[in-house]
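Student: In order, the protein sequences belong to chains C and V.
Just so we're aligned, residue -13 is where the first sequence starts under the numbering used here, counting upward by one.
Just so we're aligned, residue 51 is where the second sequence starts under the numbering used here, counting upward by one.
Take the hints with a grain of salt, since some may be wrong.
[Said to hold, decoys possible] If you want the footprint, here are the derived chain V segments under chain C, 3+ residues with CB under 8 Å:
| no. | segment |
| --- | --- |
| 1 | 186 to 196 |
| 2 | 238 to 247 |
| 3 | 273 to 283 |
| 4 | 292 to 304 |
None of these hints come from the bench; they were simulated from the model.
Here a beta-carbon is modelled for each residue, glycine too, at the ideal position from N, C-alpha and C.
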Amino acid sequence: MEIVCVGEIFNGDVSGSTYEALYLGNKIKMENGGKLTLILAGKDPEQFSKKLSIKGLDNLILLSDPSLEIYDNESYSSAISNEIKEISPDVIIVPYTSQGMDLAPSIAHLLGFPIITYCESIKFSGKGWLATRVIYGGKLREEVEVEGNKVLITIRPGDFPPLREEAQTNIIKKNVSISRGRIKPIEIIKPALEDIDITKFDVLVSVGRGIGSKENLEIAEELAKMLNGALSCSRPIVDMGWLPKTRQVGSSAKTVKPKVYIALGISGATNHINGMKNSNTIISINKDPFAPIFEISHYGIVADINDLLPLLLEELKK
Amino acid sequence: MEIIVLIKATPVLEEAKISEDGKSLDTSELKFFINETDTYALEEAILKKEKYGGKVTVVTIADSSIENDVNEMIWESYAKGADDGIFIEYSNVYLDPYAKAKILSDFLKKLKFDLILLGAQSTDTSYSLLGQLLAKSLDLPYTTLVSSIEPSGNVLRVVRELEEGLQEVLEIPTPSILTIQSGINTPRYPPFVKIRNAKTRPIKKVPVESIVNDPGQYVKLKRVRLYIPPSKGAANIIKGEPEEIAPKVAEIIKSVVPR
Chain C
-13 MEIVCVGEIF NGDVSGSTYE ALYLGNKIKM ENGGKLTLIL AGKDPEQFSK
37 KLSIKGLDNL ILLSDPSLEI YDNESYSSAI SNEIKEISPD VIIVPYTSQG
87 MDLAPSIAHL LGFPIITYCE SIKFSGKGWL ATRVIYGGKL REEVEVEGNK
137 VLITIRPGDF PPLREEAQTN IIKKNVSISR GRIKPIEIIK PALEDIDITK
187 FDVLVSVGRG IGSKENLEIA EELAKMLNGA LSCSRPIVDM GWLPKTRQVG
237 SSAKTVKPKV YIALGISGAT NHINGMKNSN TIISINKDPF APIFEISHYG
287 IVADINDLLP LLLEELKK
Chain V
51 MEIIVLIKAT PVLEEAKISE DGKSLDTSEL KFFINETDTY ALEEAILKKE
101 KYGGKVTVVT IADSSIENDV NEMIWESYAK GADDGIFIEY SNVYLDPYAK
151 AKILSDFLKK LKFDLILLGA QSTDTSYSLL GQLLAKSLDL PYTTLVSSIE
201 PSGNVLRVVR ELEEGLQEVL EIPTPSILTI QSGINTPRYP PFVKIRNAKT
251 RPIKKVPVES IVNDPGQYVK LKRVRLYIPP SKGAANIIKG EPEEIAPKVA
301 EIIKSVVPR
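Excised from the complex, chain V in its bound form:
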């Protein structure tokens, strides 16, 4: 199976800083990693390759200002078992899921693949749209929140995770796009030596302008403001050395727990 995995660089965010434009995140001090559900999508692709043969290609669209983190993300994917890595680079433009779907659609329609996998949701902007929009653009069937994939003849038998522990089983032909829910597998941690060796392998860099002119024109969801919500915080905040606060916390628990 030829599988394309879309991975997104997402930051680990504790205290957020907003840029002066009031619309973007100050990323200068942030470290970016593979988006959580994308790690499950990547693992699922590698497991399928190991079982059925084929090839795994990771593709990411990211701002060139975080190039180092993106490179590391792709090297990590190589160390895990990905065969090829493609980094579609852009700069000085905000891209929403519509613009990214347009870019990926134009890029991927020239490639041969059986399956496109990506995480069901990103931890940063949480749109859960890219896979669905891309499927519409490429006229492929899709489904979301996938918790199991089993090839059965020329279709895939797929399980979707619903609410309250329910699951739906469906059949979907290939080529198709599946968005992957966390917990579908246990993503591997490649040993350090594999990551080090992976760093000698090339990453294919593709400037976004070589795919579409002026990618910003495809943005439909314009971000007009980004802000930190006014914090009311917890009604009562307790902080200090663990030895000092443990008795206080115990008192609170005793006072509210019904006897």
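Pulled out of the complex, with its shape left as it was, chain C reads as follows:
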């Protein structure tokens, strides 16, 4: 079986999710036999050839062109799918990142592969590929089948461990010549660092949509201070403008691993869970007894934040 992973360069380095895609690729290879190839495109991907010489990876293909300095789905999908055509793989694995979400459908289209996004696991059923997907915010799973022996899947960051053990890998360097499509990438903007770094705290008090009011946000902040921790949050709090982006926990924002993570009114969307599930102790308060956050919590408290939080603060002050 030919397996191809599409890697990515993010913020000047190989993204963590690239190694996770390799882990799944290697797992499929061990189950079915075959070859594992990683394709990495960029302006100067050769600089990563040593760290991408990984045990289990048979071929590393580095595609370089000055026009690949900043990502866009037209140039990248054209360069990458041209290369994949040569390999004629059975399965292509792309990380479901901001780039993968944008890029993978174009690659699938150019190659005529069906695409199943947001997969938790995948296996070949004999007549087609069967993928498990996490849906309805983690409350349900579905099994999706595509007929035929070709598939492109995207996987969620944080679902698989990284494959990183160094070894010899066959490295193939190619200069590709890309003609620019309709999209013109301009620049990458880095965030201004004017806030605390939530990854540095032993205790995080994290608030989500269920926090309800800004008053409760203040109580949560008081709780965080009392515990020598910091206040963090899930996406809806940033969307509402209540806390800056720097405080957002999630596999697409900041991945944290504090000693204690207290989740207040966070239901536990996958992105959030994959950004904090490795915390030492997780205490969650949520009024929905079916909230997915409870699945990974050491202590799950089924209660309305509005009622419990003020009482809890009083108790801790005693």
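With the hints as your guide, set chain V onto chain C.
Tutor: Positioned in the frame of chain C, the structure of chain V alone reads:
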């Protein structure tokens, strides 16, 4: 600018019930609303119309069994500022993003538009595929996770949200398809009287068969099973009256927080 906004009816789900076929969700007791990121796409379309003129048309594909909720969703869109609403109805068939992209492509290629907006991800099936597949089918440029759109001459200057707070700026011509990330704007809440008045306005109902025959044939991602994952739940569950559990929760916190 002529803008088409694709909106999806998604349910608010607490305790899920699976239908007897083992493949579909029992929706009989569920209430459906506009998918969260689609509310941002709709708001962005209305803001652009207010600034540059033009028209906003909302289009949805939904099962006729949830017709009442879909109607309300479109009336709410009218109350917010949408001009036209189109409800492509189907029944007794499962449609994946491929089938929906085929239907929308055949339907929309006859319409004139500058921009198609939709949410970057749905809260139900979370494929994040429809916009991209539709773009391929209509041969339009697309990009995803958009957090800002500014017209600049005959192109759009667009910002995409990346990981860890990084952003990418790019230029994309019109017509094109953009999938919208939450937080791009603050969706408005229309006053009740506007929603009430909107309910007198017509919704264009389009049976899916009038666009394509046997839409199920375009499904590539066949759902063979839908299930509730076996719950292990939290290691320790605490529930009860707030007054009763507050001291317990305080003890737990004190016992695990480093001093």
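Student: Please go over all the hints and tell whether each is borne out by the structure.
Tutor: Evaluated hints:
1. Residue count for the segment 186 to 196 of chain V with a Cβ under 8 Å from a Cβ of chain C: 6. That meets the three needed, and the coverage hint holds.
2. Taking a C-beta to C-beta cut-off of 8 Å, the segment 238 to 247 of chain V contributes 0 residues in contact with chain C, too few for the three needed, and the coverage statement is violated.
3. Counting residues of the segment 273 to 283 of chain V whose beta carbon lies closer than 8 Å to any beta carbon of chain C gives 10, which meets the minimum of three for the stated coverage.
4. Judged by the Cβ-Cβ criterion of 8 Å, the segment 292 to 304 of chain V is covered by chain C as claimed, because 10 of its residues qualify and three suffice.
Violated hint: 2 only; the structure is consistent with all others.
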